[in-house]
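Okay, here's what each chain looks like letter by letter:
Protein chains: 4
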Amino acid sequence: MAGRVGARVAVVGAGIRGSMFARALQQNPAAELVALVEPSEPTRDRVAQELGVPAYADVAELLEHHDDLTGAVIATPDFAHRDAAVRCAAAGLDLLVEKPLATTTEDAEAITAAVEEAGVRAVVGFENRWNEKFSEVRRQLASKEHGRVVHQVSNLNDTVFVPTEMLSWAADSSPAWFLMPHSLDLSMWLADAVPVEVFARGVQRVLPALGVPTWDAVTASFRMSDDSVVVLNSSWVLPTSMPSVFDFRHEVHTDTTTYQIEISPSGVTRYDADRGSWLQFGVHTHERTGRLRGVPIDMVDDFVELLNGAEIDLPDVRHGLTVTRSIEAVHASLASGQPETITA
Amino acid sequence: MAGRVGARVAVVGAGIRGSMFARALQQNPAAELVALVEPSEPTRDRVAQELGVPAYADVAELLEHHDDLTGAVIATPDFAHRDAAVRCAAAGLDLLVEKPLATTTEDAEAITAAVEEAGVRAVVGFENRWNEKFSEVRRQLASKEHGRVVHQVSNLNDTVFVPTEMLSWAADSSPAWFLMPHSLDLSMWLADAVPVEVFARGVQRVLPALGVPTWDAVTASFRMSDDSVVVLNSSWVLPTSMPSVFDFRHEVHTDTTTYQIEISPSGVTRYDADRGSWLQFGVHTHERTGRLRGVPIDMVDDFVELLNGAEIDLPDVRHGLTVTRSIEAVHASLASGQPETITA
Amino acid sequence: MAGRVGARVAVVGAGIRGSMFARALQQNPAAELVALVEPSEPTRDRVAQELGVPAYADVAELLEHHDDLTGAVIATPDFAHRDAAVRCAAAGLDLLVEKPLATTTEDAEAITAAVEEAGVRAVVGFENRWNEKFSEVRRQLASKEHGRVVHQVSNLNDTVFVPTEMLSWAADSSPAWFLMPHSLDLSMWLADAVPVEVFARGVQRVLPALGVPTWDAVTASFRMSDDSVVVLNSSWVLPTSMPSVFDFRHEVHTDTTTYQIEISPSGVTRYDADRGSWLQFGVHTHERTGRLRGVPIDMVDDFVELLNGAEIDLPDVRHGLTVTRSIEAVHASLASGQPETITA
Amino acid sequence: MAGRVGARVAVVGAGIRGSMFARALQQNPAAELVALVEPSEPTRDRVAQELGVPAYADVAELLEHHDDLTGAVIATPDFAHRDAAVRCAAAGLDLLVEKPLATTTEDAEAITAAVEEAGVRAVVGFENRWNEKFSEVRRQLASKEHGRVVHQVSNLNDTVFVPTEMLSWAADSSPAWFLMPHSLDLSMWLADAVPVEVFARGVQRVLPALGVPTWDAVTASFRMSDDSVVVLNSSWVLPTSMPSVFDFRHEVHTDTTTYQIEISPSGVTRYDADRGSWLQFGVHTHERTGRLRGVPIDMVDDFVELLNGAEIDLPDVRHGLTVTRSIEAVHASLASGQPETITA
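The listed protein sequences derive, respectively, from chains A, B, C and D. Per UniProt numbering, the very first residue in the first sequence carries number 1; after that it's consecutive. Per UniProt numbering, the very first residue in the second sequence carries number 1; after that it's consecutive. Per UniProt numbering, the very first residue in the third sequence carries number 1; after that it's consecutive. Per UniProt numbering, the very first residue in the fourth sequence carries number 1; after that it's consecutive.
Please note that the accuracy of each hint is not assured.
With a Cα cut of at most 30 Å, we get these calculated DSS-like pairs of lysine-lysine [said to hold, decoys possible]:
| id | chain 1 | residue 1 | chain 2 | residue 2 |
| --- | --- | --- | --- | --- |
| 1 | A | K99 | A | K133 |
| 2 | D | K99 | D | K133 |
| 3 | A | K99 | A | K144 |
| 4 | C | K99 | B | K99 |
| 5 | D | K99 | A | K133 |
| 6 | C | K99 | C | K144 |
| 7 | B | K133 | B | K144 |
| 8 | D | K133 | A | K99 |
| 9 | D | K144 | A | K99 |
| 10 | C | K133 | B | K99 |
| 11 | D | K144 | D | K133 |
| 12 | B | K99 | B | K133 |
| 13 | C | K99 | B | K133 |
| 14 | C | K133 | C | K99 |
If you're looking for bench data, these hints aren't it; they were derived computationally from the structure.
Produce the complete structure using the sequences and hints provided.
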């Protein structure tokens, strides 16, 4: 632990995720949570009080008051990363940006340009890489002892609760924007390859009838740079009786080996009088210490290490740009009915 | 049982499947197995003796000796249905043709023409329709109480044993020709819709290196006539350590309901000193009676009913033609890299 | 089919199970359903009309009107087999008696004596033996290639729906009487051994509080005649949200092999808006023919074969007596707190 | 982290577990690994060099050289805890003793007496309590919102690899001594109750024939202090083809709720050319930091907290004594064929 300097970090966006990141920073001895940014006044006041740090209405105000920050976590809604990220980068801060980097290639390119011009680093928060199920498979695949990837199939679905009740901005998103950044990032990481072309199809019927005019389900077929194939399926209309709000199953097939990775079932099924569910352990509070634990916490800890000078292989802004371009190409293919090239 | 007339049936092709169909006919009291056709002399002699019926080297010889047949089962290899089917149809026989109807649209059209000109009926042997797991889901979906189908995902894979050891003619086939007729037929039947366009991708690397120059894995994305989407994934390179030689999982998502249909696990797992396996009950001999049981036997029994005058809704030659055209379109899309229209 | 004589059979008890057995007899060409016995007048009239056969209020009346019966199916409630079985046996009829043979050793001995004095045969309806999952494992174990049985663990539970809503007579039964005859019969059959001693424990708290004064759950540990061990666990208080009304998992461990047999999950999971369930295929109507199918139907067909002279190895009255004695010993051990010997 | 005093700890026994505990202490900033004890000279020299701390041949030598220790981890073989634990306790050290506390009640009582006379604290290493699957269920059960426990069934088995290849001292142990301390501790913790009586049965046939004269499988039925029932089944003869070396499934049934806890399947299944396996994540090295993670590491961290003055509810020596008495009673019942009382 010797030689650690103290990362001084702000969190932009104090919703569920932003608050969690703030707490993760507060519990990390190598970091200091300096301040928050949150446009909503009641939320801002509440969170500032809970966490005991100043909170500002916008990034400009933040930067005005704090000229000694070393990093920022961008946890604004998916479509609202650009302004915060560009300003923080321009101020010389290293960034942790929630996935996806942006929901348009234009925004993603603007962030990338700002990061590269400022010479800062930006990590994109593809947190599943910190899930040991995936990281162990990645480690095994990287050894090449099981051959190269032939083909991956990833089903990542949500119950209809997510677009109809959980997200206020579902109509501006889609199962592709909300879910496929995860499954595509993992597919790229596992195969060590990038997508070069995509063909997508979808259905738009159930959610529009429920007042959410977006896609019910999207399927996308990618050709990868190593000539392997990746199929991503994501739906937003699964029944709410499913034992978990998300349904995630990923398969990797190599020359000699098949991996079946099930993320939703935790191993603990509880049947109550009226429903069955899988207990979820994604992020939890360690009972004795009160510390948060789980994959996003590990991600924040790695971001702090980066801020403190470590060389870690994390998903960077160029990678985030590729994912955004790819998901944009999914929507382009949905519109055109044709395969779409994904530019590097 | 009153009023049943006796179906008089020949089986063309006396391999594993043909012999099974012949036994199924012999155990059906409403049918008579009249004769067999088998080009290989040793197989012909052996099976003729085992079953106690005459066996001929070709269909012409069969028809010469037996002018009172009412039906024929065509169980020649996948690519060799045409000649047998056309001759038998022309002779006025109703047909049960193994799936796929043919492996070229040209052959499938020739069989269809022969059947329609002769005014006979032809059933295509999509035997999974007799699997109660699928037939019950079909019955429930047909009631429309769960809404319409939004999207189906069907993974039907084989271990590498199938193309490298089980099939002598794997290089002339593919995971698409061998497996997708099953999953596509089921998807059509469950949604009550036909495919109108397909986009496919595949990988060709592992099997060619093993001396079998065909596709390792194929994924195909179909737009259906009801605007639902069907994704079929089929691989031929799964490891032989899998607990079953095939790996089959089908998902159907409707407006309100999700069905997850797992075909490979039987519910009985056996672990021996050296391997784990799922016991398989596809076709088995009933212990007391020695009678064959299972889905293909039920299919033959229904074919006999048809021969004896019943009106049953069975997959007909036009349906078989559509499936063949669709799988041909899968291969066309693999070649062109573009979505391909499927003509009705 | 030649040489088959016609079994002439009556069904005593026209509840859910009795009606099903009656239909099974009517659809079997080697049997004739001659008449029914049912004490409840409205049920009797309804079922007589539905099935088109005469129905009587009691066995005496039945025997008075029909002196040419060859067999009877005893489908009265569990505790009410004795009188019907004894009278039918005394009249020279072969019997199929629902499991358990009786719910007291005294009743079971009276039936056994009547059967043996009359020189008739009696089959006890342990229908799981007709479940191919068990019969295949039994066949494999009987070959001894996997060594002998070391130890079996069988969990067979019901949701609380069964004792509180489905059965009117649950207070006169228990999870041991209702469920363990199945799991014990299978354990005996799989190991080819009989129980020689049992120790049992149970809990009585939840069901009494719900107004059903019987055991919530019972566990029983048997020493078998081959020195293997069988553990049976049965509960009647599982939550009604479980995907199936029963929960059945049986494990067999031999010298070299483990079998895990899961009966409840069918392979088809359906998630609706409000609940998840496993489709059940226990007894179903074959769509085309309208014929009943399933394990109890196969059992009835075998009983008909027996009536028509076949030699089939079926669970007989002595076996049924052993099972009843064993379950009675379970309750004796629950009362005494000591292991109880089971007399042969 | 302020105010933490430094725990100064020795590890007694430098086998697989002892080395892991030593590394866990070295990576904990609130602890110092002072020294090791290991009787085997080559192991002692190797581990001393790897860890960079002095290593002694026995506890006396350790205590002679280090009079400022605050705690000791006892990781000698199961049957060899007594001497080390008693000496360290007498020297005023707080202890973490691997489970089971001892393999005879006499030894366990001697350790308990030494601990209580010295006024030190002793934690017994029932590490599954640090498994979040169990700790979350425990937390939910403790809230009493799901009612009280009715009945638990715990299957915890090993493949035959464990007694025949992994353990040199299997003949001095049994599946009861090796596995049931885990499942009994969990059952006690989940129900918040202690065992008052046990009845056990077992089989001794396969392992003796393989040269390991101990029990193949043991089943034990406990009456608990709250009148709930616990059934533990443990076998040591499962086939080595199982996807994990251990097979662990625990069920808890309460008034209203059922928990099914599966520990062996991790969610990631890998099929290679020759076998299927579940990846295991029990203890793993965090890739970036090189730090060990997993439930035993969390346990050591809690022990360090205890050493540094925290009040934590950990399994203490009295609890360890009860578990040892209970497992001894299992063996007494195996010998007597009678239920055995477990004294508090």
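Results for each hint:
1. K99(A) <-> K133(A): 19 Å, holds
2. K99(D) <-> K133(D): Judged against 30 Å, a Cα distance of about 19 Å means the pair holds.
3. K99(A) <-> K144(A): Roughly 28 Å separates the two Cα atoms, so the pair holds.
4. K99(C) <-> K99(B): Roughly 44 Å separates the two Cα atoms, so the pair is violated.
5. K99(D) <-> K133(A): 28 Å, holds
6. K99(C) <-> K144(C): Distance ~28 Å between K99(C) and K144(C) Cα, so the pair holds.
7. K133(B) <-> K144(B): 18 Å, holds
8. K133(D) <-> K99(A): 28 Å, holds
9. K144(D) <-> K99(A): Measuring from Cα to Cα gives roughly 39 Å; hence the hint is violated.
10. K133(C) <-> K99(B): 28 Å, holds
11. K144(D) <-> K133(D): Measuring from Cα to Cα gives roughly 18 Å; hence the hint holds.
12. K99(B) <-> K133(B): Holds. K99(B) to K133(B) sits at ~19 Å (cutoff 30 Å).
13. K99(C) <-> K133(B): Between K99(C) and K133(B) the Cα gap is close to 28 Å, so the pair holds against 30 Å.
14. K133(C) <-> K99(C): 19 Å, holds
The earlier numbered hints that this structure contradicts are 4 and 9.
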